[in-house]
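Start from chain A and add chain B with the ligands according to the hints.
These protein sequence lines map, in sequence, to chains A and B.
Take 1 as the starting number for the first sequence in my numbering and just add one per residue.
Take 1 as the starting number for the second sequence in my numbering and just add one per residue.
It should be emphasised that the hints constitute simulated quantities derived from the structure, not laboratory data.
Worth double-checking, as some hints may not be accurate.
Claimed, not checked - If you want a taste of the chain B side facing chain A, the calculated C-beta under 10 Å gives, among others: (1) Gln-153; (2) Gln-156; (3) Gln-160; (4) Leu-165; (5) Arg-166; (6) Asp-176; (7) Leu-190; (8) Trp-355.
Unchecked claim - Here are some chain B residues pointing at chain A (derived, C-beta under 8 Å): (9) Ala-157; (10) Ala-163; (11) Leu-164; (12) Gln-167; (13) Arg-177; (14) Gln-179; (15) Leu-182; (16) Trp-183; (17) Ala-185; (18) Gln-186.
Where is the CB? At the ideal position from N, CA and C, for every residue including glycine.
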Amino acid sequence: MSGDFLPFTPVAGYRKRLLIEWKFCVRRLPPIYARPLARLIEELQKLPGVGPKTAQRLALHLLKRPDSEVQALAQALVDAKSQIGYCSICFHLSAEPVCDICRSPSRDAQTICVVADSRDVIALEKTREYKGKYHVLGGLISPMDGIGPEQLSIGQLVHRVNKDKIQEVIIAISPTIEGDTTTLYVGQLLKPFTRVTRIAFGLPMGGDLEYADEVTLARALEGRRELD
Amino acid sequence: MYLKTLELRHFRNYTAQGVEFTAPKTILLGDNAQGKSNLLESVELLATLKSHRTSRDRDLVQEDETSGSISATVQRDLATLDLSLILRSGGRRTAIRSGEKLRRQMDFLGALNAVQFSSLDLDLVRGGPGERRTWLDTLLMQLEPVYAHILGQYHQALKQRNALLRQNEAQTAPTDRAQLALWDAQLAALGTRVMRRRSRGLARLAPIAQDWHHAISGHTETLTLHYAPNVPLEDDDPTIIQAAFLDKIQQRAIAELHQHTSLVGPHRDDIEFTINDTPARQYGSQGQQRTLVLALKLAELNLIESVIGEPPLLLLDDVLAELDLNRQNQLLDAIQDRFQTLITTTHLGSFDAQWLDASQILTVKAGQLLSGFTHA
Ligand SMILES: Nc1ncnc2c1ncn2[C@@H]1O[C@H](COP(=O)(O)OP(=O)(O)OP(=O)(O)O)[C@@H](O)[C@H]1O
Ligand SMILES: [Mg+2]
Ligand SMILES: [Zn+2]
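Chain A with its partners taken away, still in its complex shape:
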């Protein structure tokens, strides 16, 4: 029957249909990874700093490890997530309602160091130079990311400074635009109640003055202090 061999006439939607069929074909190509492996790689890739190549390397590595080791890793992940929360006083990561630093009687309870993130607490603790307490804001003011002062633990900080008769608040926030704005904001709120200082940013150790640029030098001058 000639009706079966109608001449080809393109109709609206034809291209689209072709495209869908084509995509369908692509989907049905045999997958490169077995499904559970693909899922593992996908999850690993969500981690910061992990790209497709690293994710694949990690996944293949894990598969070669003994069961017990993989179990231990999985358990550690689940435990950390379920057991670690925020300290109710300083908002640093903590397994207890109040963190070790806040509970420690040997630390100076009248000085608070304000930082953006728990990572900063860890970095400062490694120096073993600081003996006061901390307050973790949980980020920086950034309207672009929808973060205003209300999203940070700034209200709690003001309350804490008043209640605990804090003598000095040291702000240790990086000198970025968002960091500077947050510092200004916190400083304005706290200055009526206590002494507020900011840590100095300046020349790297062993850095040569001549090669320091103007921005760094200006920062270093701002943060100057008496020789001791």
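Frame of chain A; chain B with the ligands shown alone:
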């Protein structure tokens, strides 16, 4: 300074191409769409970290590749520098200077200086204020790399402030006003730094441009460059400028809340060119506009040379053929052998013979460079 070698990998239509520059002038000869402008663009990127043709690295990386690179050796008075810029279609750039990966792009600027002159530069006269701001900013970054950092900070503060103004679309709660005041202060402080540097840079460029313009126009015309900042700049005192900045923000506060964007600051500056007291845009015949742009470019060369202490490169993209003989000669006289010059052209007809003899000629064909040329 002298650009000794250049190597392009997966850059635009170049797959892998190295070149050694053997004369102070190099003519890149080729048909349309072969890669002449692409090569100049790669040098422009090393000098300014920007391309005047695109702002997306994706466009710069060769099609179907994920990354590309531009590497060069530059002979400076005191040292030879190796520069390398790795571009990624879906990621950040890596800038390497003498083997060291640089954390801040401003540390890369200043290793190579170049003045770009293409037919697009006529937009400096005809185009909007944005073209003129970009032009001045690019020059300032080469004169003082720290300006790139300052301008970047200003734009970051501007973006944040605009984001806050957009959030306020519904209504203004008192907390928002407190936060807005902080961003006002940031914008004013950083904006003031941008304005003072623009004003200072332009003040240095203006007399040189005027002299060149006078000479090229046969001493009949007087060019003035005038900085027209959005915030009044009567005094060079930063505290006074900041106060004027904040004043103007106050005046425009209601308009800003309605338009949800920052209406005050150097992102709305302009630079006015006038010839014999008439705005150049209205005045200029094509020829006069070309004279103006040529005077600006020559002034840029001189200013960079006097600030850096070494002559920068000159990149001439298609413009030589567009200039009449008088202007061509003025240009060539000014360059001589002092400024290393890369010139693109589709034909050698308009070059004078003496000139051709002294130049290195490279033929560009489909992303490949061949030494010399064949008479068609
Ligand atoms: N990312 C890219 N990948 C591959 N090819 C590209 C890429 N970007 C541009 N091209 C190609 O480069 C060519 C344009 O090169 P270019 O602008 O250097 O031309 P030209 O030699 O200066 O020509 P004209 O004389 O017209 O100015 C075009 O063929 C374009 O398709
Ligand atoms: Mg071209
Ligand atoms: Zn705590």
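Here is how each hint holds up against the structure:
At a threshold of 10 Å, the smallest CB-CB gap from Gln-153 of chain B to chain A is about 6 Å, leaving the interface hint in force. Evaluation of the Gln-156 of chain B hint against chain A yields a held restraint, the C-beta minimum of about 4 Å falling below 10 Å. The interface hint given for Gln-160 of chain B holds, since its Cβ lies 5 Å from the closest Cβ of chain A, which is under the 10 Å cut-off. Hint status for Leu-165 of chain B: holds, given a least beta-carbon distance of 8 Å to chain A, under 10 Å.
At a threshold of 10 Å, the smallest CB-CB gap from Arg-166 of chain B to chain A is about 8 Å, leaving the interface hint in force. Because the smallest distance between the Cβ of Asp-176 of chain B and any Cβ of chain A comes to about 8 Å, under 10 Å, the interface hint for this residue holds. At about 8 Å, the closest approach between the beta carbon of Leu-190 of chain B and any beta carbon in chain A falls short of 10 Å, and the interface hint on this residue holds. At its closest, the beta carbon of Trp-355 of chain B sits 41 Å from a beta carbon of chain A; the interface hint therefore is violated under the 10 Å criterion.
The restraint placing Ala-157 of chain B at the interface with chain A holds, with a minimum CB-CB distance near 5 Å, inside the 8 Å limit. Look at Ala-163 of chain B: its Cβ gets to within about 4 Å of chain A, closer than 8 Å, so that hint holds up. Nearest Cβ of chain A to the Cβ of Leu-164 of chain B: about 4 Å, under the 8 Å cut. The hint holds. With a cut of 8 Å, the hint placing Gln-167 of chain B at the interface with chain A holds, because the nearest CB-to-CB distance is about 6 Å.
At a threshold of 8 Å, the smallest CB-CB gap from Arg-177 of chain B to chain A is about 12 Å, leaving the interface hint violated. Because the smallest distance between the Cβ of Gln-179 of chain B and any Cβ of chain A comes to about 6 Å, under 8 Å, the interface hint for this residue holds. The beta carbon of Leu-182 of chain B comes within 5 Å of a beta carbon in chain A, closer than 8 Å, and the hint placing it at the interface holds. Among the interface hints, the one on Trp-183 of chain B holds; its C-beta lies about 7 Å from the nearest C-beta in chain A, closer than the 8 Å criterion.
Restraint check, Ala-185 of chain B versus chain A: the minimum CB separation of about 7 Å is within 8 Å; hint holds. Given the 8 Å rule on beta carbons, the hint for Gln-186 of chain B holds: about 6 Å separates it from the nearest Cβ of chain A.
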